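Chemist: Spelled out from the first residue to the last, the chains are:
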Amino acid sequence: MKSLEELKAIREKMQGQIGIRNESSEQTRVIVGMATCGIASGARPVLTALSDAVQAKGLTNVAVTQTGCIGLCQYEPIVEVLEPGKDKVTYVKMTPEKALEVVNQHLIHGQVIQKYTIAEVLG
Amino acid sequence: MYRSHVLVCGGTGCTSSGSAKIIESLHSEISKNGLKEEVAVVQTGCHGLCALGPIVIIYPEATFYAMVKEEDIPEIVSEHLLKGRIVTRLLYKEMVTDDGGIKSLNDTDFYKKQHRIALRNCGVINPENIDEYIGTNGYEALGKVLTEYSPDQVIQTILDSGLRGRGGGGFPTGLKWKLAKGNDADQKYVCCNADEGDPGAFMDRSVLEGDPHVVLEAMAIAGYAIGASQGYIYVRAEYPIAVDRLEIAIKQAREYGLLGKNIFGSGFDFDIDIRLGAGAFVCGEETALMTSIEGNRGEPRPRPPFPAQKGLFQKPTILNNVETYANIPQIILNGAEWFASMGTEKSKGTKVFALGGKINNTGLVEIPMGTSLRTVIDEIGGGIPNGKKFKAAQTGGPSGGCIPTEHFDIPIDYDNLISIGSMMGSGGLIVMDEDNCMVDIAKFFLEFTVDESCGKCTPCRIGTKRLHEILDKITNGQGTMDDLQKLEDLCYYIKDNALCGLGQTAPNPVLSTLRFFKDEYVAHVVDKKCPAGVCKALLSYVIDADKCKGCTLCARICPNGAIQGKVKEAHLIDQSKCIKCGACMEKCRFDAISKK
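Those protein sequence lines, which keep their order, are chains P and X.
If you read the first sequence in numbering that gives the first Met the number 0, its first letter stands for residue 0, the second for the next number, and so on.
If you read the second sequence in numbering that gives the first Met the number 0, its first letter stands for residue 0, the second for the next number, and so on.
For reference, chain X alone in the conformation it holds in the complex (with noise of 0.2 Å):
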């Protein structure tokens, strides 16, 4: 038994910044100190808290150390594991209170607003034991529906949960499986879809990397529900941790006799194997996935059939994100009701919103539903950096939209994004400040779309293509008041007309940003300007001549020879020759250049 565990963040962000390293040097420096036997080290996987990785939490005390540097190892272990004195200078800098005391982390403004239940497992347990997953109830819902429920009891429980689906359309879960369920055929499948692909978005690697079994736990249950005996996790391969620890999982479960032949002496049977997916943006559609898993290239087939009719390999079949599986043994364990006092109306439970861009506290959150905008971005994750202000917020990744400040205070759900022109998507949120040309934002969007359209309907093949030039000559500076029309045209054509859901919602980000930033369209159509600084043709260098001392570093800095001035005399920059890369302001020590 040891006295002190030593958790360690093994989640992609902090191996990243070194923490395998760290364990390492825990490893050496506890055994040197004569404490092996007391003090476990423990990986874990991700805490939320991604922007001070490495971190490294000491229980019992519950003492939250970031950006621990392999340097700082053997003083944690002489002073805090030896000695029980805390190492205050590595703390967390908001669990140290005015008077120089120490609150719990769960007190900390990154942590208080949150509710973890998808995420709850994330940093506490070590993901490649089963039996710490075990040991936190784990496979108890499992067992439960085995011995107790028929799997439509299982069904009613997840409808009356409310749960909908987390990976973006925001499906009924307990529908899909009761459309399945309906559906007799030989043989049925259980899909799990692990292909995040929004950018900014991490939390189905983070649940993946940090409590893997309760994907393999959901996904026997949702099995049982609907009469399946194989599943498959679709899971993207530029996750290797990921994959890696589901692999470890699979195994240690059809050890324990969790997955394979007559689970619980039940005499249900449930299997589950992995397929990697090669980083096709469309392979997170529904249908492009599973024609993806048979083999084929992954492009979305019409629909109906629905997958509950006809999915993979032509059966019944349902598909659910990893998130949403990670709701399911909490549900079961806890009760329908449990979870439908959470959240709104009609958005019941949690999200995971992983928060990035202008943002201090950049990580993974987990909020009730209902939660403003306000309170993510102010109170949970600590405001904008450098005291800049908030312009918008994107949800929903590349099918998603802008949310500008009047909508701040609007309650987070399913419903309330829509109506404001964005969406939840799978929850990545990114923050944008003033120095965000909104344009520009529309233009990085179509980009991704236009390299992700698989090419199979004309409207998304060609129609982002188009929506992407237009964006382009408006950010040249070439663009007319009928692009502006052209362009909101061309969106509704191709939201009427693609054939899945990637090119119906690869508008969103023009249709939002035109709606709420038309301005910022105007400015860079009617007066040739980039209100935010960002579009380069729109943009030009000057030398303020006043401020300017002549002490040639600009003119020596410039990679293109563009500014010309003598010694102790005002410089000048060539607009010509300027290819506007800005080291010259950068480096200007007298304030005398600027944008305009």
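Here chain P stands alone, though its shape is the one from the complex (with noise of 0.2 Å):
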């Protein structure tokens, strides 16, 4: 390594992966059910695709995590999304592609996908 745009470069690629590390409670938790029933329905794939675009982008302030069955079995894959200080996103029968659009539109820019939320989806 000869130059300081080198030493960035490896900062910014390992800045998304260690930004994992991090616990500040102004984190926005982005949460996958992972029960039985949503490992069954695809939530694993959905889970690595939310947890891979959210490193690649260096949003080091998102935190992708998991959790049980929150009752809702037929609708899983379950995505929960909580930023701090608003209310609570729940979007349903998700899939990789799905996810990726969240990431986009609802991480990066804060608009809310309303059709795959659980409130368009239940009617």
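These are calculated hints, taken from the structure and not from any lab test.
Any given hint could turn out to be false.
[As the list claims (entries may be wrong)] Distance windows between CB atoms, simulated:
| id | chain 1 | residue 1 | chain 2 | residue 2 | range |
| --- | --- | --- | --- | --- | --- |
| 1 | P | 7 | X | 77 | 37 to 43 Å |
| 2 | X | 333 | P | 21 | 17 to 23 Å |
| 3 | P | 7 | X | 434 | 54 to 60 Å |
| 4 | X | 277 | P | 67 | 34 to 40 Å |
| 5 | P | 113 | X | 77 | 33 to 39 Å |
| 6 | X | 272 | P | 39 | 55 to 61 Å |
| 7 | P | 7 | X | 36 | 24 to 30 Å |
| 8 | P | 121 | X | 0 | 45 to 51 Å |
| 9 | X | 254 | P | 67 | 22 to 28 Å |
| 10 | P | 21 | X | 488 | 56 to 62 Å |
| 11 | X | 433 | P | 21 | 42 to 48 Å |
| 12 | P | 109 | X | 405 | 53 to 59 Å |
| 13 | P | 104 | X | 254 | 39 to 45 Å |
[To be verified] Here are a few chain P residues that face chain X, going by a calculated C-beta distance under 7 Å:
| id | residue |
| --- | --- |
| 14 | 14 |
| 15 | 19 |
| 16 | 84 |
[Said to hold, decoys possible] Calculated from the model, a selection of chain X residues having no Cβ within reach of chain P, i.e. all distances over 12 Å:
| id | residue |
| --- | --- |
| 17 | 43 |
| 18 | 256 |
| 19 | 302 |
| 20 | 371 |
| 21 | 405 |
| 22 | 548 |
Computed from a predicted structure; not experimentally measured.
Cβ atoms here follow ideal geometry from the backbone N, Cα and C, with glycine treated the same way.
Assemble the dimeric complex from its two separately framed chains, guided by the hints.
Modeler: Structure (structure tokens):
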């Protein structure tokens, strides 16, 4: 390595990955239902898609974690987004593709994707 | 990319309680559950809470599992990592709130008053991966000084920050650098003192094990500031994990061109080599350390000339301690004002203390200078075990002194500690309760200095031996009041006449206990009693005839046949045969045996 630019490139690449070890209470939490029902309906690819995208985009203030069954098994995979000071948003029947849309529109631009939320799907 | 990171402490404490096995088991359980692509296992340095090791932290939830055993790993993997359910029984109990919720690690008593600068990466990054260090802004400070600062600006920044040496003396770091820069020479050296020898202190080891690159980066910055191209780290051979990780770090830094020729294209060359110390305490003294690097027997030499004039190989040299270096990159990145905003008027920043002795949370803590001893012991340290009463805190190791209860609220900084007869030292903090005899403590430290005295100067070689003999006489109940006076006179004589810091400070444990606990010395001399019940020659074990049921257990347990008595009759201890091992008292089921 002979330049500051190269150092910066490594730093930025690593910051996305190490950002996961952040402990700030100001963090946005993205929670994926990972009980038997969730896993059976495909929650695992959703979880990895979310976590990869969050790190690739360097969203160090977002933590992607799991939870158990929240009792709406027929709507799994379920993803909840909790932003500090805002109402919880619950997305249902997620796929890895939909999850990427959530990262791009909701987590980065702050726009809730209404059509995937539980309120819309349940009618 | 991994969705979850499992951090396992690989510091010396947790390694000795089995963390290597835990890492192995984590790897196999994780692949068994098909999570290999999703979950990363990272071996880190010390988290500080050594009493609760082995420690496993899982991110992003920041779940802190304490005292984890190999058998617990299948449950952690299948419950936490697979299903996202926290294994509550293994949680660090301070994190569980009264209503059963879980609070953040940073809100627990142990961590909330801490401010981690020197230890900021310890327990957070993988010390064997340079990329992780770079990911936490590593080597950015070096890049900044090489491209934007003149050597004088670097020195001015360190001077303005108010940073003082963390190894014990508290000499202003910036001033040391300025003096070395001012001396012209064809070759200068930057040395790192990692010969941590104070009993009970292990913060330097922790930094080297948890964040070795920070020391390399800071040494390169120092080299640029004073005009040196070569650095040496003098580290004790008893720290094998630290030496290992330093070697890996140096190799990686060379591969990246962060050590070597023409760093960042600036034309600045700097390289670092390791020298292993063989375990002599005196080699932590700066001139002895340099003599040892030169390949000679580690003995101190008179100062002046100071190392900044004629140090290693007779060339201008700076020598700083590991913890001092660990602060440097942060000062460059955040500015001198940021650092100077923490601490007291004359002691800036934070200090790492190694908490040990009679305290609940044994481990490493980093606190702003000026925090009171009470906060450190009662709040961060979690108080004294078994409801015992606090008696004294010993700081500064064999060079320091004992601080009694009445100075419990004093803000800890260099000058306050000296004013009460102790010193900062490298930051060992040993807590003592009512069961510790202060004369015995003084004797313990003197025994250490007698062993470690290099023998070059007479006041230390013979003086400390005589001090130890007088203390031995007192603890054996043969001391006189004249001895106390002789003890004190000899202490001052050694302080004034010894060659190096080791000898000059060796009497401190005696002087400070004489100052604050004179009554205990008097009790040993006049009443022939040891109030804490430690000094064997002054105590006797007796059986209370009313309480003794004549069960014969004590008589059978006594290794020297000193207890006589018939079944169902009160027993008696023959004091001439008793070796005061205390085995009878420990075993008696009727509380009939006591020490007097």
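Chemist: Evaluate each hint against the coordinates.
Modeler: Do the hints match the structure? See the list:
| no. | hint | in the structure |
| --- | --- | --- |
| 1 | P:7 x X:77: 37 to 43 Å | holds, 40 Å |
| 2 | X:333 x P:21: 17 to 23 Å | holds, 18 Å |
| 3 | P:7 x X:434: 54 to 60 Å | holds, 57 Å |
| 4 | X:277 x P:67: 34 to 40 Å | violated, 56 Å |
| 5 | P:113 x X:77: 33 to 39 Å | holds, 36 Å |
| 6 | X:272 x P:39: 55 to 61 Å | holds, 58 Å |
| 7 | P:7 x X:36: 24 to 30 Å | holds, 28 Å |
| 8 | P:121 x X:0: 45 to 51 Å | violated, 33 Å |
| 9 | X:254 x P:67: 22 to 28 Å | violated, 45 Å |
| 10 | P:21 x X:488: 56 to 62 Å | holds, 59 Å |
| 11 | X:433 x P:21: 42 to 48 Å | holds, 44 Å |
| 12 | P:109 x X:405: 53 to 59 Å | holds, 57 Å |
| 13 | P:104 x X:254: 39 to 45 Å | holds, 42 Å |
| 14 | 14 | holds, 5 Å |
| 15 | 19 | holds, 5 Å |
| 16 | 84 | violated, 17 Å |
| 17 | 43 | violated, 9 Å |
| 18 | 256 | violated, 5 Å |
| 19 | 302 | holds, 40 Å |
| 20 | 371 | holds, 26 Å |
| 21 | 405 | holds, 38 Å |
| 22 | 548 | holds, 57 Å |
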